[in-house]
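**Q** Take these sequences, add in the hints, and give me the full structure.
Taking this note's numbering, the leading residue of the sequence shown gets 3, the next gets one more, and so forth.
Please note that a few of the clues may not be correct.
Derived PhoX-like pairs (lysine-lysine); straight-line CA-CA distance at most 20 Å [what the hints assert, rightly or not]:
id: 1; residue 1: Lys277; residue 2: Lys323
id: 2; residue 1: Lys61; residue 2: Lys76
id: 3; residue 1: Lys61; residue 2: Lys117
id: 4; residue 1: Lys76; residue 2: Lys136
id: 5; residue 1: Lys277; residue 2: Lys287
id: 6; residue 1: Lys136; residue 2: Lys117
id: 7; residue 1: Lys323; residue 2: Lys287
id: 8; residue 1: Lys12; residue 2: Lys117
id: 9; residue 1: Lys61; residue 2: Lys41
Keep in mind that the hints were calculated from the coordinates and are not lab data.
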Amino acid sequence: MSMTSREIFKAVLEFNNPPRIGMTLPAPYPSDLHWVSRKPARVEDVELTPVGGEIRRWKDNWGNTWATLTTFDKGEVVEGAVTDWSQLDAYTPPSLGRAQEYAHIPAERAAHTDKFIIGGVPGFVFNCARYIRKLENYLCDLVVERENVDRLNAIVARELLAMIDRYGAAGCDGIMFPEDWGTQDRVMISPEMFREIFKPYFVTLCGRAHEHGMKVLMHSCGKITEIIDDLIDAGVDLLQFDQPTLHGIETLGRRFGGRVTFWCPVDIQRTLQTKDATLIRAEAKQLVDTLGRFGGGFVAGCYPSNEAIGLTAEPQDIACKAFVEYGTFR
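**A** See the structure below:
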């Protein structure tokens, strides 16, 4: 009897010898996931009047103001919701635990029984708090405003726990969150500071998800090799990297293979940019052979916006074909 996409994806995460790698590829190729998200009762993203050459400005539900010069990405925060720590006592985060905003999910679960259902989370503590203060301010705050940072982080964590509880009650198979921790050559803060301030929140949030029987999937950009052991220890089940060669594919397999699942496209900065079919296919095979050889452990990906990385669809289509060819086990 053939396995469903849901069963295959779960077997990949649990290193339980699936018949193929996990796949999250665009049609006509296989995809094992179905995404769900909370549906707030009101429109949360408020459009603002453009300023100067900005194409778009908007305010999110955390109270942060964003701006972008493109039509295909969300841009970056230009003003956080808490510009001065004196505002923290009056700051009200979005309420992420309203039951009615998750009431649609059981029906989606029932309509997609063959798929692994993922609930989208806006980030863990760092990703949300850094926007509220604006990144450069928040990084300084970690050193000079530790007490206020701890207060803000606790506010964010409370809402994230409520969201995880709702996804668990709605029958999701996992949660996924974005949290970019790396630059091109290192973790954004010292690993010691990560372990002291943020790892306890990872343990708490991952633990809550696991209590509901859900897997924890994390996206991160940058070279975060130094803290992968900590993320595994905290309970992250899958790491989604768009730049696997930044860490070294062989390094990922040797140091972490069989302990965490990796979800990657062919590297979007280096390999796809060559547009060389031979190199693209070779890296797809290397990813499968190196990371997916542990009775699981690898999910093939496809970067969601060719425009954002300056490519046509052709290089990624070459990668998708290769993933399907090399990732089906005989």
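**Q** A separate judgement is required for each hint: does it hold in the structure or not?
**A** To see whether the hints hold, each was checked on the structure:
1. Lys277 - Lys323: holds (14 Å)
2. Lys61 - Lys76: It holds: about 11 Å lies between the C-alpha atoms, which stays within 20 Å.
3. Lys61 - Lys117: violated (33 Å)
4. Lys76 - Lys136: Holds - the C-alpha atoms of Lys136 and Lys76 are around 15 Å apart, at most 20 Å.
5. Lys277 - Lys287: Judged against 20 Å, a Cα distance of about 16 Å means the pair holds.
6. Lys136 - Lys117: Judged against 20 Å, a Cα distance of about 37 Å means the pair is violated.
7. Lys323 - Lys287: holds (11 Å)
8. Lys12 - Lys117: holds (10 Å)
9. Lys61 - Lys41: holds (17 Å)
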